[in-house]
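Engineer: On the provided structure of chain A, position chain B as indicated by the hints.
So the chains spell out like this:
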Amino acid sequence: MAHLSETFLFLELEDAPRFAVVTHPTAPESGIGVLLCNGGWISGSWYFNRFYVKLARSLASAGHLVVRFDWFGSGESPGFLRSFRLDEPFIEDVVAAATQLGSCRAIVGVGYCFGATSLLAAANRIERLAGAVLVSAVVPGSGPRARATKATVRTLMRSAVRLSVIKGWFNPNARRLYLKWFRVRIRAFFQRFRQPAPNVESRVSMAKRLESLTDRGALVKLIYGENDSNLRTLSLEPFATLAESGKLLIEVLPGDVEGSGSLEIQESISRAIEDAVAAVTRSYAS
Amino acid sequence: MSYGTALTFDVIWFLVISMWEQELAAEWARAHVVRQNLVRDPSGAEMEIVDAGTPGSPIFAVLHRPANPARGLVVVCSPPYAEAIRNHRRELLFAWLATQSDLAVVRFHPRGAGHSSGDAHEITLGTIQRDVESVTRFASEALESPLIGFVGARLGGVVAHRSAALCPGTAVAWWQPVLDATAFMRELFRARMIGDLKQGSNINARQLNAQLDREGMVDILGSPISLAFRNSLFERPLDEAPPGPRNGLFVQMSRQPTLQKSFGDFVASLRERAWNVDTLVIPDEETWWFGARGGPVEHEIRRIAMRVVPETVDFFDKIEGH
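Residue numbers (the working numbering), protein chains in the order written: chain A, 4 to 289; chain B, 3 to 324.
Since the hints were made in silico from the structure, they are not lab data. Some clues are possibly wrong.
[Unchecked claim] Only some residues are given here: those of chain B computed to face chain A with a beta carbon under 7 Å:
{"hint": "1", "residue": "Asp221"}
{"hint": "2", "residue": "Ser225"}
{"hint": "3", "residue": "Leu229"}
Ideal Cβ positions, reconstructed from N, Cα and C, are used throughout, including at glycine.
Chain B with its partners taken away, still in its complex shape:
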């Protein structure tokens, strides 16, 4: 790409993003409170906060109900720990835009995360999976709409395809999923090592691994990563998706302008198993998921949300049979 084209591209994005912000700001902010735990926007779409857990062990969940009868239900599987912060507003934007296409959405915080009960060091892939199942059952009854799919970022993507395996025919949208447990742990340790370097101390990955084995827990920038959590990543291959035929949308958000090899292999293996997978590559500077402290400016306005949110809504909107 020539310099002139790149500059023009950036300036056009800059203008389009500003217009998109204005449009959202005007529409969404006109929501009003209907009940203590429910707001309705001008289109009639509702957002209701509910407890989808059991007595004494609440799961914070948000039901997004469209103005018209919902054509299908999409479950959002959030990643655990710091990655949830990075992705949270994107998930909310997705839910809100999906209701404008008459799709119902449920978002939730797994136990040990966000506003839900439990402690962060108790989180494993298994506990998140169980919470997804509870919330899916709860939302299917509450929203009275057929389940059509799951969407998840990072480890949420793994939870999404594992949950889809239990629900025949459901589609999956992955947002930069974690498909390699070793690489993920390496990334976590690297985040901690860089954090420590900034504080003037020095620790390496081997020491962190040893600490995890010895003490059962390691502190990654304020998130308690437990041995049980690490072990849960290695129990089964993270890229073990169910057989097709199913629909999928694979989104890569990283600096690379083309689909990276491991992702390409994953998509190819899905296609071999009769999945109909679309891919979307969003080249941006989203590399530090775990260490990132980005606020709305970083994760909402930028081009990632603008691309990934409408494309994912479009993907679920076009699924046939609902």
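Bound conformation, chain A alone:
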């Protein structure tokens, strides 16, 4: 087997460069490219516990060309990012990284959490996308930030006069949390007067993208853990209908996929991803 060969590079984008790593095949080339999109809140495309590094090298040993990259303002990418928002995916980052797989016959995208949302949002701009593996994909607008943004003034006022909240103002940690919520509210207020962001994702648009991918004949696999809070995504409409239609491959692994907090679960996720990539490879070989 050939030695590990990786190219480290910066991708020029309009707002700031992005850092990417191309892992070259160490076995006879399959012609399949794999694009790894990590979850947003963890710094670095090696991802937690180096999960994506091990996955990229394992896929390269099966003959695939693999690209992983750092989002704007995270990992080695310059810039400063205040926060990731599930309803504002980083489409340009995904599209720019996919250009590194230009020599491949087909591309399989792998996205974890925020990466899954961004991959889906960018799917129609990646021409040869033949498969998407979405791990712990989460529906935009269901997290705590969304709840903070959507809460009415009346609800907030009611919460503010609760005894526990008043007590909380005397606790430095709780006080910081309240200030954070306050900032989210202020931001939401000013956003009303701005043009809507061009890439805003919603539950409906995400489901539509999933459907259009399957209609294109792409393999779409969703991976969740049985203990994941994100698993409830599948019971929310319109995902529930889509899941029942049989168009999607759904794999629920034992344990907590969301946190990937054990070597065992990391191996299960890797296997599930590698199986999907192998399925696409077989379909292209035949």
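Structural biologist: The following block gives chain B in isolation, referenced to the frame of chain A:
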């Protein structure tokens, strides 16, 4: 501190942090790609990705080169495993700000960590130490600047002062270092035990220790901690720093508002050995290093980065003789 003072303090920090973010966002994002592996920011400072290892066994390293000739080189020693994630962006911010003061910086991922080659279960304090030495040699030649010091968080702090021992006169900045191997192992096991409790199972420290002895490896929230790694922590005392005279900056980041006793003792012992050590206490909620999954919001914007990064740059900037 009265309630009014505390609230005012929090609100002021809140506003200052927001302004700091805006300033960074505007400046840094204007960097552009010069070469495939090199970006340059508007000040002219460069960030270059290099392989500082040997053929077939790469070490991922990042050279930060200031716009003007560098007055000195600082080596960043990252902690291994999950703690690297917690600290990574702070290290990058430090490197970037240091270049604005005409200091060169090298950051790297030791073999078995991050983008470097090797497997995580092969990491020991000794392997990290050897990688620091290789990277320091590589960066000193590539950046053509005199080595002035090391900075390291957690176990990176131990590697920093052990590396400094081999380079006379170099300074050290510690960010919440691990100085007690037993306490560190206890902390790792506690992280695993809490993780297991959340999953509904129960394991105790004795069982984890026995598993480590029996199988040679234990899984701590997805990081493979090997017997060799544990043994390497106990080979030599972690607080065995070289004699002075040298400069040091000791930073404590924890909930405690004053320097904790073990750290105070360490600083006192350094001062006895002719070290000139400054201390900085950053009271915050940074307690769970290993189990933490914090993203940029947690570890970048918050007051820790805002205090520790400029203070450390200032410390190296003021060192005389470079």
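Engineer: Against chain A, with CB atoms and a cut of 7 Å, does the hint on Asp221(B) hold up?
Structural biologist: holds, 5 Å
Engineer: Does the nearest C-beta of chain A fall within a distance shorter than 7 Å of the C-beta of Leu229(B)?
Structural biologist: Where the cut-off is 7 Å and the nearest Cβ of chain A is about 16 Å from Leu229(B), the hint is violated.
Engineer: Mind checking the CB of Ser225(B) against every CB in chain A and telling me if the closest is under 7 Å?
Structural biologist: holds, 6 Å
Hint compliance for this structure: hint 3 is the single one not met.
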